[in-house]
Amino acid sequence: MPTSNQSKQSAVKNYDLPDENGHFGPYGGLFVAETLMESIEELNAAYAKYMQDPEFLAELDADLQDYVGRPSPIYHAERLSRETGGAQIYLKREDLNHTGAHKINNTIGQALLAKRMGKTRIIAETGAGQHGVATATVAARLGLECVVYMGAEDIQRQSPNVYRMRLLGATVVPVTSGSQTLKDALNEALRDWVTNIDNTYYIIGTVAGPHPYPAMVRDFQTIIGREAREQMLAKTGALPDALVACVGGGSNAIGLFHPFIGDDGVAIYGVEAAGLGVETGKHSAPLCAGKPGVLHGNRTYLMADENGEIIETHSISAGLDYPGVGPEHSWLKDIGRAEYVNIKDDEALAAFHQLTRVEGIIPALESSHAVAYATKLAKTMDKDKAILVCLSGRGDKDIFTVAKIEGIEL
Amino acid sequence: MSRLEQCFEELKAANKKALVPFVTAGDPSAKFTLTCMHEMVKAGANIIELGVPFSDPMADGPVIQKASERALEAGMSLKGVIEIVRLFRETDQSTPVILMGYLNPIEFMGYETFADKAAQAGVDGVLTVDIPPEESADLLKAYDKHDIAPIFLLSPTSNETRIKKIAAVAKGYIYYVSLKGVTGAGHLELNDVQTKLTQIKQHTSLPVVIGFGVKNAEIAANIAKIGDGVVVGSALINCITHHSDDEEQAQQAISTMLSEMRTAMDATTQQ
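Top line first, the protein sequences correspond to chains S and Z. FYI, our numbering numbers position 176 of the first sequence as 176, with every residue one higher than the one before it. FYI, our numbering numbers position 98 of the second sequence as 1098, with every residue one higher than the one before it.
Hints may contain errors.
[To be verified] With the Cβ distance kept under 7 angstroms, some of the chain Z side facing chain S (calculated, not the full set): (1) 1104; (2) 1129; (3) 1153; (4) 1157; (5) 1181.
[What the hints assert, rightly or not] PhoX-like cross-link-like pairs, simulated, lysine-lysine; straight-line CA separation at most 25 angstroms: (6) Z:1201 with Z:1042; (7) Z:1016 with Z:1201; (8) Z:1012 with Z:1201; (9) Z:1079 with S:291; (10) Z:1016 with S:291; (11) S:235 with S:333; (12) S:333 with S:385; (13) Z:1042 with Z:1016; (14) Z:1141 with S:291.
Read the hints as simulated data drawn from the structure, not as lab findings. C-beta atoms are modelled at their ideal positions from N, C-alpha and C, and glycine is treated no differently.
All chains should be built: construct the whole structure from the sequences, respecting the hints.
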């Protein structure tokens, strides 16, 4: 691991990770049972082959344009910027994608891959339900069987998305083991995969899991950053001074950050969920308050007790409620290329209301964490600076949660 | 000669196959596990696999998941499991003990510290489900230094390349997972197991024990015909679950099941 500033700088300049075994420095890798190795090797080969295949890439591009609605616009949030005082805030509008979040960029890519590999059955895990909906959507479109694992507790707090998945023809399986949230849904999906490997493709929704998932999901999500780079140059004549995105597993964040890693002048901020406050222990901020370990197929920062048992996380936003984080974020933290900060439930809730009120955009609670940090950051910067925020999803799914917190009956 | 080598040598001389029970350490209590280990040896067990409970047992079915949850609730930890082995060794110096679990508790303890403590307590081998040989270099170094055998899994989907890769680093024995899926699942096809075993044996001289899906004495006997040993896990843990209010009855049920398996296995191999 680089320790000197010089080696850190060269790590950024020649950034070309992961290596062939899926390592980002000491992070990432392939930590799975032997029973899954054949499937992973098969997936690795298919991923390597089709990411070079012009026909596959053309089909993906066409789908992203005609079905997802890309490119998603960049919007200058002028009233929010004025009310905040300081840097100009721009939003990358992933909330305008089909199904309302960035998740579909990845599911469309992986589903096309599954189809090429001859798999007839798709499984997925979901926390907030956004990835589950995005998976059920592409499965419906491609005529594939779809099973989504979801923690029993998440099913309670995200019932509209559960209904959407069922409308789309997916089977939603409640997971009642462990803490009954996203991590347990991931465990259950892995168990399904190992049992049905012959016909089943597992679409992981974030940049975690065993290699090649962190790299593959990133590659499908970097459309966010690639578009944003061009759009900012066209709109403002310069790259943004700072990028801000929320980090649960971290797929929207890596999608935005990755194309800017070599740009020295662009500061990068990943925003974790501080829940009730990092000091209370009731949070989902492994990069800010955890330590490295191995979970779900990769080495990365984790929230665990001193014995290495994974501990329960807390966040107002189900999509950020995960004890691990994509391994590439762990590496970007260690080499100092990105800074990871955190935002509490009540700060995210305030940002949710503010953006809705002054810009007429209802953000997802996940994305509200990024908006909250962006307004904090903007205050410390000059008016002629630009902050680009990934507005990763829309907040329609969260109105019931917010209303309940505020004692309003719908 | 290591305890494991000694064990397989003696079994071979007696024309017997290894009976390898698995229980989750600390389910429902550390005290129960320690007593259970001695009783299992009396009932005919040759090697004991002790499950190290983990919060996220991704490769296990519902039976062992629940056992893990009960053990963690009762306060079990990797440290606690090593202590159970130390106590077991006070009166049993010959039965090999293998720890089976997931990587993260070992990562948090540190490879060297873990290998040192485990070896001192009398652990003979460690099977870590979620670390393939590709990621194992540092861990293998620590095990080698302390004479701990790294046990690896092979599965129906392991191809020739993977079999070779694992045969190159495994010590003690190889654990063949007889069916696709998680622990305690489905039912196994003896012919398929036989075919795969022949393939594995071309690449290793290590004993190959077979587990996953061993539910009763009849299955155990059939497996004893083709493998070097039989692992039984979920079926034993079911005994604990069924007698959750009476540890003595749970123990009795485990001993009875193992005795039946022992008798059936020996009847098959010594015809």
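Hint check results:
For the restraint placing residue 1104 (chain Z) at the interface with chain S, the shortest Cβ-Cβ distance is roughly 4 angstroms, inside the 7 angstroms limit, so the hint holds. With its C-beta approaching chain S no nearer than about 5 angstroms, residue 1129 (chain Z) sits inside the 7 angstroms limit, and its interface hint holds. Hint status for residue 1153 (chain Z) relative to chain S: holds, with the closest Cβ pair at about 4 angstroms, below 7 angstroms. Hint on residue 1157 (chain Z) holds. Least Cβ distance to chain S is approximately 4 angstroms, under the 7 angstroms limit.
Contact between residue 1181 (chain Z) and chain S, as hinted, is supported at the beta carbon level, the nearest pair being about 4 angstroms apart and thus within 7 angstroms. Taking the CA atoms of residue 1201 (chain Z) and residue 1042 (chain Z), the gap is about 31 angstroms. The hint is violated against a cut of 25 angstroms. Taking the CA atoms of residue 1016 (chain Z) and residue 1201 (chain Z), the gap is near 18 angstroms; set against the 25 angstroms cutoff, the hint holds. For the hint linking residue 1012 (chain Z) to residue 1201 (chain Z), the alpha-carbon distance of about 16 angstroms falls within 25 angstroms, and the restraint holds.
In summary, the hint linking residue 1079 (chain Z) to residue 291 (chain S) is supported, as the alpha carbons are separated by about 19 angstroms, within the 25 angstroms threshold. A C-alpha spacing of about 47 angstroms is found between residue 1016 (chain Z) and residue 291 (chain S), which places the hinted pair above 25 angstroms, so the restraint is violated. The hinted pair formed by residue 235 (chain S) and residue 333 (chain S) fails the criterion: a straight-line CA distance of about 30 angstroms is larger than 25 angstroms. Taken as a hint, the residue 333 (chain S) and residue 385 (chain S) pair is honoured in the structure, with Cα atoms around 24 angstroms apart against an allowance of 25 angstroms.
This hinted pair checks out: residue 1042 (chain Z) and residue 1016 (chain Z) have alpha carbons roughly 16 angstroms apart, not beyond 25 angstroms. Pair hint residue 1141 (chain Z) plus residue 291 (chain S) holds up; C-alpha atoms about 23 angstroms apart against a cutoff of 25 angstroms.
In terms of the numbered hints stated before, the structure departs from hints 6, 10, 11, listed from lowest to highest.
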